[in-house]
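Given chain A, work out where chain B should sit, using these hints.
So the sequence lines, in the order shown, correspond to chains A and B. Last residue of the first sequence: number 272 in the numbering used here, and the count goes up by one each step with no gaps. Last residue of the second sequence: number 306 in the numbering used here, and the count goes up by one each step with no gaps.
Simulated from the structure, these hints should not be mistaken for lab results. Quantities reported herein were computed from a predicted structural model and do not represent experimental measurements. Do not rely on the hints blindly, as some may be mistaken.
[To be verified] Think about it this way: if two alpha-carbon atoms lie no more than 30 angstroms apart in a straight line, the pair counts; the simulated DSBU-like pairs of lysine-lysine are:
{"no.": "1", "chain 1": "B", "residue 1": "Lys195", "chain 2": "B", "residue 2": "Lys208"}
{"no.": "2", "chain 1": "A", "residue 1": "Lys228", "chain 2": "B", "residue 2": "Lys40"}
{"no.": "3", "chain 1": "A", "residue 1": "Lys105", "chain 2": "B", "residue 2": "Lys220"}
In case you want the letters, here they are:
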Amino acid sequence: MNDSSLKELGKTIRALTLRMVHKSRASHVGTCLSMADILAVLYGRVLKVDPARTDWPERDRFIMSKGHGAAIVYAVLAARGFFPSAWLETYCEDGARLGGHVTHKGVPGVEASTGSLGHGLAIGCGMALAARRGGEPFRVFVMLSDGELDEGSTWEAILFAPHHGLDNLIAIVDYNKIQSFGSVREVLNLEPLADKWRAFGWTVREIDGHDYDQIIDALSQESVEAGKPTVVIAHTVKGKGVSFMENQLAWHYKSPDDEQLTEALAELGEAR
Amino acid sequence: MRTAFIEALVEAAEVDERIWLLTGDLGYSVLERFAQKFPKRFLNVGVAEQNLIGVASGLAMSGRIVYAYSIANFPVMRCLEQIRNDVCYHNLNVKIVAVGGGFAYGPAGYTHHALEDLAVMRSLPGMTVIAPGDPVEARQATKAVAEWPGPCYLRLGKAGEPIVHLTPPHFRIGKGLVARDGSDVTLISTGGMLKNTLEAAELLSAQKISARVLSMHTLKPLDVQAVSDAARSTRLLCAIEEHGEIGGLSDAIARCLAEQSLKCAFLAFNISVEAGSMIGSQSYLLDRAGLSAEGISQRIVEILKR
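Pulled out of the complex, with its shape left as it was, chain A reads as follows:
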């Protein structure tokens, strides 16, 4: 996918997500928008995946450890043809396939179900280790939230991956600086975050998580140091792309009403 198509994909999945949370009155739109550009790069360029062969053994694995960002994961999977876009219209509805946290049950393209924070990186470690010891070529990408770094289990995995030289493992921190009940700085400060990962033995790439060139560069195979896992600390803006949602804790919970949806889509250059 070329650069302008990637950006178009980022816009498309933002718009799909806004429509989904509007219709379902669901939460977590802010956390979806903050990683939209990273997901666009992953699914548009980086991940070796094939919608027609979701059980292809050599496919790259993507684990959405921050499972509450489900809407935009489903949006990007639908946009890339893993399942029909019509499924998005029933997001969170009675009897729907697609719920408010990422599930693999009946959803092609989802590797692991998540929703309770602190599970994804350990699973990613297991997959990366299987590839390493089995001589399999795939890479494993795990998307973490900043709030998720409060979980002790995440740090168990952070300790584990460098010890086992898992250079096929790439963690991404969607560092939008706002967690469930306040700013990260106020709730439980993570800084100096890059130093912490570095001290644990990871290669650290700090980027602007909305700059496509920087995302592409950080997630490329060329960025990997042999024998070390990579973490991409992506500085992002919660609610990115919709001015009235940006950096607002409330949009961790609220869903846009009719008027707000129209306004938000207009900002993205999309008609209602």
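What follows is chain B alone, placed relative to chain A:
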């Protein structure tokens, strides 16, 4: 039982290269023979049970059959949510092995008394729960879970348990084993209680009470047929387990009796809250909990006198 476990696991791993063994930094002097033979399929994740189950899940999602080993409550409770969400929801081939069920680590104290594990594991969707009765059953169960699809919990004793089955029985997951025949009462034991239960049956026979003994190594799925046969052919059913009062073998059997409208006297032998927090050897603690052979037989005799 742990020796029987590791010997059986090495044998199974020789013929099935999908088998891995992970430990949470426990198993000194036990797991080495696997680690030396299959270094690429062995992993000590360190003292990190949540990561133990998470990594096991990632491996299982990549086609491996993963035995995750630790002792007492450690591979059950600290990592319970990983077992529920990662292992059970994905229906993974992760076999959780807890050495030291019940009071096996008695002198170590409350933290090491595994008395709620069966209840917790039974409640999880898709989890098969097995507590072998002696080293022979432990060996067979270890191999059986490798072939049994999906999540399994294997609760083992520790070391030095006597061999009860002098010839290997026909072990099948979900099918209880008759360890002794009898016609008056049926004693259904799970896990290492098999030894005391058989001794209790012997004491009962001296009192002219004929006791059948069933080794109910699989708690889930329960052998409903064996329970209903016992309820129909003997006049008292006893569930005997080295476990707390809620959620273990006795609750499973009581539910089975109620659901099938089986009218049969029923006695539960398990461990009270008070006994669970005492300190002492396994035999001392079992005695205090009324689970010695004498304790079991005396209570049955008293009930039958009424």
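Hints breached by this structure: As far as the earlier hints go, not one is violated by this structure.
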